[in-house]
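S.K.: Adding 3 to a residue's 1-based position in the first sequence gives its number in this note's numbering.
None of these hints come from the bench; they were simulated from the model. A portion of the hints provided could be inaccurate.
As the list claims (entries may be wrong) - Result set (SDA-like, lysine to any residue): computed pairs, CA atoms no more than 20 Å apart in a straight line:
no., residue 1, residue 2
1, Lys246, Val230
2, Lys248, Thr213
3, Lys615, Thr164
4, Lys159, Leu143
5, Lys782, Leu838
6, Lys248, Tyr498
7, Lys300, Gln328
8, Lys248, Asn227
9, Lys734, Gly584
10, Lys616, Ala772
11, Lys33, Cys71
12, Lys346, Asp324
13, Lys10, Leu838
14, Lys782, Ala772
15, Lys33, Glu848
Unchecked claim - Label pairs and their computed distance ranges (CB to CB):
no., residue 1, residue 2, range
16, Leu214, Glu573, 38 to 44 Å
17, Met247, Gly743, 44 to 50 Å
18, Gly49, Asp514, 39 to 45 Å
We put the CB at the ideal spot given by N, CA and C, even for glycine.
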Amino acid sequence: MEYDFRKIESKWQARWKERQTYRVEVNHNKPKFYVLDMFPYPSGAGLHVGHPLGYIASDIYSRYKRLCGFNVLHPMGYDAFGLPAEQYAVQTGQHPAVTTEQNIARYRSQLDKIGFSFDWNREVRTCDPEYYHWTQWAFLKMFDHYYDNATGRAEKISDLTARFEKQGTEGLDAACTAPMRFTADEWKAMNEKEREEVLQNYRLAFRADTLVNWCPELGTVLANDEVKEGLSVRGGYPVEQKKMKQWLLRVTAYAERLLSGLDSLEWSDSLKEIQRNWIGRSVGAQMFFEVADSPLKLEIFTTRPDTIFGVTFMVIAPEHDYVPQLTTPDNQAAVEAYLDETKKRSERERIAETKRVSGVFTGSYAVNPFSGKRIPIYISDYVLATYGTGAIMAVPAHDSRDYAFARHFGLDIVPVVEGGDLSVESYDAKSGKMINSGFIDGMDVKEAIPVMFDEVERRGLGRRQINYRLRDAIFSRQRYWGEPFPVYYKDDIAYPLSEEKLPLCLPRIDDFRPTEAGDPPLARVEGWATAEGYPYEVSTMPGFAGSSAYYLRYMDPHNDRELVSRQADEYWRNVDLYVGGIEHATGHLMYSRFWNKFLYDLGYVCEQEPFKKLVNQGMIQGRSNFVYRIKGTNKFVSCGLKGEYDTQEIHVDVNIVRNDILDLDAFRAWRPEFAEAEFVLEEGRYVCGWAIEKMSKSMYNVVNPDRIVEEYGADTLRMYEMFLGPLEQSKPWDTNGIDGVHKFLRRFWSLFTDRDGNLALSDEKATPAELKTLHKTLKKVQEDIENFSFNTSVSAFMICLNELGRCNKREVLEPLVVLIAPFAPHIAEELWELLGHTASVCDAEFPRYNPEYLVENSFEYPVSVNGKLRFKKELPLGISREEIEAAVLSDPNAQKYTEGKAPRKVIVVPGKIINIVI
RNA sequence: GCGGAUAUGGUGUAAUUGGUAGCCACGUUAGACUUAGGAUCUAAUGCCUUACGGCGUGGGGGUUCGAGUCCCUUUAUCCGCACCA
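All chains should be built: construct the whole structure from the sequences, respecting the hints.
M.R.: Shown next, in the form of structure tokens:
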């Protein structure tokens, strides 16, 4: 009987559901293994064929681990809060909760058709109050903690206030927004509001006036990772810098741990590198430059203290606090004009014009502490207010930006490191001999740097300092569809809601636009306040809030007393394998690690890092097809002949094209304007052009997995997605070629069954050749799964079948059913049942290969003479090098090439090749 | 500008990690069967050449008996960061 995948797949999907095959519980008799996919945002467009790629890979791995005896946690859920649902709501008035619900239902039905082994009993949705209860809870915990650099972990705010009570800030080394100094008496003298303002400086979740990325089009602020090149990642709208009071998370407190933790992770080097760059640690010196004729001291940060003798001017950011004090009366007008100009420039313009040099002289001078020279102080927007101290010492000879600035304003350029040609460009390299630098003259740059660090500290000019590029995460969004903050305001002080009051549920509203006053939609809600009438926060949390700890919730999803129970956490610990896209490198993956480390400090989780191993699947691009219309006509010319006409390229729906041949009738039926289309064919066919583009509706290249499942079956889809190429590589989807995999499954099916669909296996003993093929395949597939090389394992199956021919021996075929089960679970279950097993193939034992069957007793050596391959010589294994040499040299073939001469040397690589050099 | 990755037939890719480049598929061609199909089976298929043979892993150079693989250099494409002091 034909391989009836529709019947088989619906049968087993129903049975899995009914028998709860994939339900998993804590089981101390088995080792655990946690396989996680990045949960999807359920968009209105549904899944296309690229989305399940990672899910299929992780499903194969989960099933494999289960066969190997692990208790596998493999959950799935939805990242359900977010902008698109809300924007859709603004346009249509449809409540985001409703559209989200619909989208989830659609996703679920699509996912179910592919035959995943998810434990749906553990599903989470970030928009579910029972879920965001714990997002809010974590926020409260962050609000109630600060980061103590001395203990290297988060500590209670009450410990901090107790300390202030006793000794003020004396001896305190804590992560903060701006350093503070006060005594115990000063603390005691503060009122509640003043004290809270102090504490906001230390809390891990805090409110501050900061320069934020404001996106007017979206009406919300965005985190740094949500902005790219001055445009919002979602929507691509311009983003401007604006000072606003916002909630932030003090991610920077964990910068060092986020960086050092990377070393212990099995992540790709490129991903780790992205995170390292994002954290951007740099070691340097923070030092003070005295301002001439003024009590002011200008604080700067530098990584090149060795170049101090080359400092010829200083630059401060336009937003720097000292701008007014440093501006002399006769420069006032020019400075104001410059500040105006820079304020008007958007972030985007600033980025676009990085080559343009601009700036203004303040009229003040600083004193170079080493050379004693007076150096002018400039204002320029090439110095960033948000990095370091917002002020720099400029060394034009050895920094390209300072060089450009000095050239533009005609400032001195003093070389202090030998090398380069300063008439053309600065010499930025960190190597060379120091010159014009007093006591460090003659040293190499690498020697000079530590010497200068010491000297700066000895003279009391400053100290060593580590700076990070990483910024605190802006945590409020002026949106509706997100987690409400569990805080209320009294006299403009934020107070946390008590934990018993959680979750603070998002109120239902009908109008999702900002208010006329520009406040977020929640400001429309009457009575959005505590029982006592104190107003709640009207912003909501950003998308990453809900996704930062979802992997923990899956461990214990129905617990209404805690995020995760100690027992569940201690059993499941952390994610052993995380599969998802690289696009979350600086967002979700950074925030999750931060969140997890925080919870670790508080003792709620037992592992420092949430995701042990991470695999990034590549993107699946679309493969678009084109037809060519002769301009001004309704005539279409086949691709190969289009050069002879003046044509217009038109995207055509890939679903009516097969192997680049257009289905003419389907094309005429596709759109009314093509109903009367005429064609210029080549060899009787219309050949379409093609291109690799993003998979999107507008390109008509979206392939829906439902359609593939309907036509070929889920097992074919699963195997074909893997066969397409290496998991981590981006590649285009091309439905051409799926036949090969489908054919393979049909052949596999037919080996087991007769025409009536009954089992037709023989109990005959397998030949050594068949056993060799079987065990070779077992070995290869197992190794490939462990290396995430799923494409080559699919090939291995095909080779296996080619080699087995029409073999129908049970001894050979039965292990193959288990072997293929992770890839094609439906057909495997059906065959397993036919083979007489009552338990699911999911609970079978992974077949181990027997190395004995793979042993060769002879090897065919390729023999080359002077590097040129000449003949092959078959020799028994296990003979010595000398014996091989003698056997080869006595071979008449060899003598023909050596012409009787003794070879200069003979190279024997056992098991590989023999080379004779004359 | 800095950092990372990739480059192999008409297409997707593979190569025991330095050992006969192109496995496995798609596509194409020819044939078989056939109540004609987008089914199945067989064979061929890197390029040039009637053949002998030659050339072939983006380009150039090197190490080596031997290089897709290692080194240097160069080009192209993709990704990340980007005035980070």
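S.K.: With reference to the structure, classify each hint as holding or not holding.
M.R.: Do the hints match the structure? See the list:
Among the hinted pairs, lysine 246 with valine 230 is consistent with the structure: their alpha-carbon atoms are about 17 Å apart, no more than 20 Å. For the proposed pair lysine 248 and threonine 213, the alpha carbon gap of about 6 Å is at most 20 Å, so the pair holds. A hinted pair counts as satisfied when its Cα atoms are at most 20 Å apart, and lysine 615 with threonine 164 does not qualify at roughly 37 Å. Of the pairs offered as hints, the one joining lysine 159 and leucine 143 holds, with about 12 Å between alpha carbons and a cut-off of 20 Å not exceeded.
Restraint check for lysine 782 and leucine 838: not satisfied, since their Cα atoms lie roughly 23 Å apart, outside the 20 Å limit. Restraint check for lysine 248 and tyrosine 498: satisfied, since their Cα atoms lie roughly 16 Å apart, inside the 20 Å limit. Under the criterion of a C-alpha separation no larger than 20 Å, the hint pairing lysine 300 with glutamine 328 is consistent with the structure, at around 11 Å. Restraint check for lysine 248 and asparagine 227: satisfied, since their Cα atoms lie roughly 16 Å apart, inside the 20 Å limit.
Pair hint lysine 734 plus glycine 584 holds up; C-alpha atoms about 14 Å apart against a cutoff of 20 Å. Of the supplied pair hints, the one linking lysine 616 and alanine 772 is violated, its CA atoms being roughly 38 Å apart against a limit of 20 Å. Between lysine 33 and cysteine 71 the CA atoms are separated by roughly 11 Å; this keeps the pair inside 20 Å, and the hint holds. Distance restraint check for lysine 346 and aspartate 324: the Cα-Cα separation of roughly 15 Å lies within the 20 Å cut-off, and the hinted pair is therefore satisfied.
Proposed proximity of lysine 10 and leucine 838 is supported: the alpha carbons are some 18 Å apart, at most 20 Å. Among the hinted pairs, lysine 782 with alanine 772 is consistent with the structure: their alpha-carbon atoms are about 15 Å apart, no more than 20 Å. With a CA separation close to 14 Å, the supplied pair lysine 33 and glutamate 848 stays within the 20 Å bound. Hint check: leucine 214 to glutamate 573, Cβ distance near 43 Å, so the stated range 38 to 44 Å holds.
Taking 44 to 50 Å as the suggested C-beta distance range, the pair methionine 247 and glycine 743 does not conform, at roughly 57 Å. For the hinted restraint 39 to 45 Å between glycine 49 and aspartate 514, the CB-CB distance of approximately 28 Å leaves it violated.
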